[in-house]
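Visitor: Assemble chain B onto chain A, guided by the hints.
Top to bottom, those sequences are chains A and B. Start counting the first sequence at -2; every next residue gets the next number (my numbering). Start counting the second sequence at 801; every next residue gets the next number (my numbering).
Quick caveat, the hints were computed from the structure, so don't treat them as lab data. There could be a bad hint or two in this list.
To be verified - Straight-line Cα separation of at most 25 Å, SDA-like style, residue types lysine to any residue; simulated pairs:
1. B:1226 / A:95
2. A:113 / A:101
3. B:1429 / B:1407
4. B:1633 / A:95
5. B:848 / B:992
6. A:63 / B:1314
7. B:1520 / B:930
8. B:1526 / B:1538
9. B:950 / B:1325
10. A:128 / B:1280
11. B:1173 / B:1316
12. B:1287 / A:133
13. B:1286 / B:1298
14. B:1633 / A:66
15. A:128 / B:1157
16. B:950 / B:899
17. B:1286 / A:123
18. B:1526 / B:1227
19. B:950 / B:1456
20. B:1633 / B:1228
21. B:1226 / A:104
22. B:1633 / A:123
23. B:1587 / B:1611
24. B:1173 / A:140
25. A:128 / B:1171
26. B:1587 / B:1577
27. B:1287 / A:123
28. A:40 / B:992
29. A:60 / A:88
30. B:1283 / A:116
31. B:1220 / A:102
32. B:1633 / A:88
33. B:1287 / A:117
34. B:1220 / A:63
35. A:113 / B:1317
As the list claims (entries may be wrong) - Counterexamples of contact, computed for chain A against chain B with all Cβ distances above 10 Å:
36. 25
37. 27
38. 29
39. 30
40. 62
Cβ atoms here follow ideal geometry from the backbone N, Cα and C, with glycine treated the same way.
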Amino acid sequence: MHEPANRSVRALPMLSNLMEIGSRVQPFSKESREKAPRIRDAKVVHSVCPYCAVGCGLNVYVKNGKVIDIEGNPDSFINHGTLCPKGSATFQYTVNASRTTQVLYRAPYSDHWEVKSSEWALDQIAQRVKKTRDETFVERLDDGRVINQTQGIASLGGATLDIEENYLIKKLFNAGLGIVSIENQARI
Amino acid sequence: MPGLGTTLGRGGATSFPQDLVNSDCILIMGSNMAEAHPVGFANVMKAKDRGAKIIHVDPHFSRTSAVSNLYVSTRAGSDIVFLGAIIHYLLENQVYFHDYVVNYTNAPMLIREDFQDTEDLNGLFSGFDPASGTYSNQESWDYQRDEYDKPLTDPTLQNPQCVLQIMKRHFARYTPELVESECGVSREEWLQVVQALVENSGRERTSTLCYAVGWTQQSKGVQIIRAGSIMQLLLGNMGRPGGGVLALRGHASIQGSTDVPTLYDLLAGYMPQPAEMLSTKPESQHEPTSTTWGARQDKHVHKNTQQTLQEYIDVTGQKLGWWSNVPSYIISLLKAWYGDAATADNDWGYHWIPKITGDHSHINTSYAMLDGKVKGYFLLGQNPAAGSTNARMQRKALAQLDWMVVGDLYEVESAAFWYKGTNGEKVDPATLKTEVFFMPAAASTEKEGTFTNTQRLLQWRDKAIDPPGDARSDLWLIYQLGKRLKKLYADSTAPRDQGLLNLTWDYEMEEPQPDSHLTDEPDAQLVLKEVNGYYVTQTNSDGQVTQYDLHNAPHVPTFTALKTDGSTACGSWIYSGVYPEPGRNRAASRISDGKMNLDWGFAWPANRRILYNRASADPAGKPWSERKKHIWWDAEQHKWVGNDIPDFPPDKAPDYRPAPDSTGMDAIAGTDPFFMKPDGRAWLYAPTGLKDGPLPAHYEAIESPVQNALYKQQSNPAAKYHRDRKDNVLIELGDPNYPFVITTYRLTEHHVSGPMTRWMPWLNALQPSLFAEISPELAQERNIVDKGWMVLRTPRGEIEARAMVTRRLRPLRIRGRIVHQIGLPFHWGFQGKSTGSITNDLTHSVLEPNVSIEEAKAFLCDIRPGRLSSSEHNVGRKEH
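Chain A with its partners taken away, still in its complex shape (with noise of 0.2 Å):
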């Protein structure tokens, strides 16, 4: 794939061009030289922005395996490198102290959250996926007809997920399990 140079380092050369202005060459310190973007040596990912749906291209700035900066794609004849107020704060979307990052649980009629294990996490909702299933699934109608489905569990989302997502959740829920009511932001 076509991958452009990150254009912020190129740019930096005219820093030295600017001090030759006038007769003679400036004076040009050890730091002023050695000074440099924070991007510089960071590796560029090509993303599209997740709010609204005109997909703007964004660069996200990677260094010793931290995002350090998001910013707008130059390149994209989507937004050539702009991005509104909410694309241009995706950084702090996925760079945020008060992001959840454990799995939490909330037992019936508990007041407070459990931090439990992915896996246990994954284990039980299997469980009461099946539980539920097993105990609302209809084959046929009064008349005979085969219908094949569940209207006990039900899903909603999809429009912030990846197609590849909405996908598996598609096959899943209703081709697998034949969970009818899976709906997303589409809807509303």
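Guide: Just chain B now, with coordinates in the frame of chain A:
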């Protein structure tokens, strides 16, 4: 979706925002594009710099209005009066694009003699059944047909039963006087809009129409979109550069989640979900006409059973046009889902797909939940406790569940409803049973995958880093859950479990991702390969057959390669071609060429950027004008050529005429740009496919301050009212307690109910709290001061907000009396770093009949100065 789909053939924007620079006039209606789609709006500004006229019609003056050439302030819910009068003007003054209309639309088609219009039945079309509140018999809406079931036509457009003449009569009462009295728009202003559109349409010039949820979130939303599309067709603006209808979607992949889809009534690529409606009487099954092309009735009210795949194809497929390909699409989908277990002998596993038995849409499901019928719920990146209409009812419904799974980045309202309430309301966890699993989700930068944006463009995202802590992608959640469920059911021999056991479910990553510590993440590229389609078997020239699985199979190049013999698998036919060969994921292609950018991403279908672009050329295949050329017929090469991928069979000559008894794509003439429709033409009049009439008619919003001036029928007769629900009390016409019209909208700095923005200090600093916009006149009438608190009230709930007293909302004069309108953003809730009342506590849950979408853009309320008595902020804080 049905607005555009029924009219044109596909439920997607017909063009793309960057094409707006080619427009000579842009009408923005039902959208505040500058604030809701700011970067897309830059193209509107470029068009303006190039001389295009920009028009904004909206109840609320916004930044879109501020930079338009013309802003027209209108009453929320009166759109069809405004547009209907334009349609009337175009027909009456014969300023429609005659050659386009007569050749590319169904204007010449003859409608059955027994069809009755709203003119005949005072606001209803023929076939309405008052007992069920539905158009249960739509047969009279159909075409008159010959012995091959093809429509009779009158190309002179004179026959009184032809669509154009029926439209003339239907729209006759949509006059400039009514625009003045019902929309509150002076006829001079309205005429300026009409003249701008007429002057900037035709052979040499084109106009674009942009809309968003200002239209869709109304009880007649589909018919508003239909009215806008009819206007664009009469002006000859469809399928041409700088023209079309740009549906502005509101989420990163809302188009994608409709295409794949996660919707109850659709299978992949707009095939309907199999249905066995409860109302179907067994004795009326197996009607002999089921294979005719007129039989694709309203997909929610099937007259035939769909017990077998053939019955499904009979009901959902078409004999004529592109949908004659349904068999290859559905069989390839079943092969993708059930793999080797899907064979010709078992109907390709068709019986494993659940049949819908009614309207299982979001709001109806919420009511079923409230009634205790839904036990378990998955909420993945969605927040109904604040983001869905009648949110108080939504929170009650969540409390009736046995268990729910919430996947999100932050602890949103829908995850916290069991211990926290809005505006300081006390919630007692000891009384709420719902078991809640909160699964922390990966952000879009922490996983790879595809978004489909507003212009049907698939764009792949590379993964930057692993998600933090135990956060994981939704792909991982569903994949791992599926693996566990397959294990739990492994020993079952019950027929009902065989669909799950046979489900192909192997997306194991072949090589671990570099720089990742995750070992059990599924491979999104493999999922995309399945969506694109692959060969299950291939036969070489010696007749040797090779079997493949998803991992080693050759990719199908595009949907025309899909077969009915089970040799191909494809997860969504319209996406076929996105990943045509190993190592060539076209969604991940990022090459800008400064022209059509055909190698930046992949637009469905088949990378076509302007849909129906055959219509950019005249019937003979020549561009309508040099200035607006896009694709054209090259007689020497015997194919369509030009700037885009032709949205037409590439070698079908303009002079091709089908034989009278032809079927499938052979029945589509070389002059039929809208070949997804069985007659190859855009439908000004919809003989089938809609639940509330073949033509748009103005009905008042479910809650309106005025009686419908056009018909006796007050509001959409086919809307789904939920009248019997005590949680959905509606305001009756003339109720003096709720005199004000209210409309809701987005701000640039927040996203829907705030799950992706209210935890972010940068954005909260820009938009810190909920406010309501009211005019100085209304503020004075109700003693409300700028920046002071006010309470807004409907029978569903009460909320508080800061008052913004502003000229951006203007009192309108409707039939001699003043009607005040209030504007209200809806981004707040009780969680996050910026909290506030939930706007959706005010909204009701009456649904549009075709798509079951809520009416959040026009309803009624009352207001008063001050705060809610329950508000926690009342204590120890001063008014300021």
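Visitor: If a hint holds in the structure, say so; if it doesn't, say that too.
Guide: Okay, the hints, checked on the actual structure:
1. For the proposed pair residue 1226 of chain B and residue 95 of chain A, the alpha carbon gap of about 24 Å is at most 25 Å, so the pair holds.
2. The hinted pair formed by residue 113 of chain A and residue 101 of chain A meets the criterion: a straight-line CA distance of about 6 Å does not exceed 25 Å.
3. At most 25 Å may separate the alpha-carbon atoms for a hinted pair to count; residue 1429 of chain B and residue 1407 of chain B meet this at roughly 19 Å.
4. About 9 Å separates the Cα atoms of residue 1633 of chain B and residue 95 of chain A, which keeps this hinted pair within 25 Å; it holds.
5. For the hint pairing residue 848 of chain B with residue 992 of chain B, the CA-to-CA distance comes to about 17 Å; that is within 25 Å, so the pair holds.
6. Between residue 63 of chain A and residue 1314 of chain B the CA atoms are separated by roughly 14 Å; this keeps the pair inside 25 Å, and the hint holds.
7. Pair hint residue 1520 of chain B plus residue 930 of chain B holds up; C-alpha atoms about 13 Å apart against a cutoff of 25 Å.
8. Our distance criterion of 25 Å between C-alpha atoms is met by residue 1526 of chain B and residue 1538 of chain B, whose separation comes to about 18 Å.
9. Between the alpha carbons of residue 950 of chain B and residue 1325 of chain B the distance comes to roughly 44 Å, so the proposed pair goes past 25 Å and is violated.
10. A distance of roughly 18 Å separates the Cα atoms of residue 128 of chain A and residue 1280 of chain B; the hinted pair therefore holds under the 25 Å criterion.
11. Using a Cα cut-off of 25 Å, the hinted pair residue 1173 of chain B and residue 1316 of chain B is violated, with the two alpha carbons roughly 42 Å apart.
12. The suggested pairing of residue 1287 of chain B with residue 133 of chain A holds, with an alpha-carbon distance near 20 Å, which does not exceed 25 Å.
13. A distance of roughly 10 Å separates the Cα atoms of residue 1286 of chain B and residue 1298 of chain B; the hinted pair therefore holds under the 25 Å criterion.
14. A threshold of 25 Å between alpha carbons decides the hint, and for residue 1633 of chain B with residue 66 of chain A the separation of about 22 Å falls inside it, so the pair holds.
15. Using a Cα cut-off of 25 Å, the hinted pair residue 128 of chain A and residue 1157 of chain B holds, with the two alpha carbons roughly 22 Å apart.
16. Restraint check for residue 950 of chain B and residue 899 of chain B: the C-alpha separation of about 22 Å stays at or below 25 Å, so the hint holds.
17. Taken as a hint, the residue 1286 of chain B and residue 123 of chain A pair is honoured in the structure, with Cα atoms around 10 Å apart against an allowance of 25 Å.
18. Restraint check for residue 1526 of chain B and residue 1227 of chain B: the C-alpha separation of about 21 Å stays at or below 25 Å, so the hint holds.
19. Only pairs whose Cα atoms come within 25 Å are accepted, and residue 950 of chain B paired with residue 1456 of chain B is accepted, the gap being roughly 17 Å.
20. About 23 Å separates the Cα atoms of residue 1633 of chain B and residue 1228 of chain B, which keeps this hinted pair within 25 Å; it holds.
21. Straight-line distance between C-alpha atoms of residue 1226 of chain B and residue 104 of chain A comes to about 19 Å, which keeps the hinted pair within the 25 Å bound.
22. The hinted pair formed by residue 1633 of chain B and residue 123 of chain A fails the criterion: a straight-line CA distance of about 33 Å is larger than 25 Å.
23. Restraint check for residue 1587 of chain B and residue 1611 of chain B: satisfied, since their Cα atoms lie roughly 20 Å apart, inside the 25 Å limit.
24. Between residue 1173 of chain B and residue 140 of chain A the alpha-carbon distance is near 22 Å, which keeps this suggested pair within the 25 Å criterion.
25. At roughly 19 Å between alpha-carbon atoms, residue 128 of chain A and residue 1171 of chain B fall within 25 Å of each other, so this suggested pair holds.
26. At roughly 15 Å between alpha-carbon atoms, residue 1587 of chain B and residue 1577 of chain B fall within 25 Å of each other, so this suggested pair holds.
27. As the CA atoms of residue 1287 of chain B and residue 123 of chain A are separated by approximately 10 Å, the hinted pair is consistent with the 25 Å bound.
28. As the CA atoms of residue 40 of chain A and residue 992 of chain B are separated by approximately 53 Å, the hinted pair breaks the 25 Å bound.
29. The straight-line distance between the Cα atoms of residue 60 of chain A and residue 88 of chain A is roughly 14 Å, inside the 25 Å bound, and the hint therefore holds.
30. Restraint check for residue 1283 of chain B and residue 116 of chain A: the C-alpha separation of about 12 Å stays at or below 25 Å, so the hint holds.
31. Distance restraint check for residue 1220 of chain B and residue 102 of chain A: the Cα-Cα separation of roughly 16 Å lies within the 25 Å cut-off, and the hinted pair is therefore satisfied.
32. Taking the CA atoms of residue 1633 of chain B and residue 88 of chain A, the gap is near 17 Å; set against the 25 Å cutoff, the hint holds.
33. Simply put, residue 1287 of chain B and residue 117 of chain A have alpha-carbon atoms about 15 Å apart, close enough for the 25 Å limit, and the pair holds.
34. This hinted pair does not check out: residue 1220 of chain B and residue 63 of chain A have alpha carbons roughly 34 Å apart, beyond 25 Å.
35. A C-alpha spacing of about 20 Å is found between residue 113 of chain A and residue 1317 of chain B, which places the hinted pair at or below 25 Å, so the restraint holds.
36. For residue 25 of chain A, the condition that its CB be more than 10 Å from all CB atoms of chain B holds, with the nearest at approximately 35 Å.
37. Look at residue 27 of chain A: its CB is around 33 Å from the nearest CB on chain B, clear of 10 Å, so calling it non-interface holds up.
38. A cut-off of 10 Å between C-beta atoms confirms that residue 29 of chain A is not in contact with chain B; the least separation is 30 Å.
39. Against the 10 Å criterion, residue 30 of chain A stays outside the reach of chain B, whose nearest CB is about 31 Å from its own CB.
40. With a cut of 10 Å on Cβ distances, residue 62 of chain A falls inside the contact zone with chain B, its closest approach being about 6 Å.
The structure fails hints 9, 11, 22, 28, 34 and 40 (numbered hints given earlier, in ascending order).
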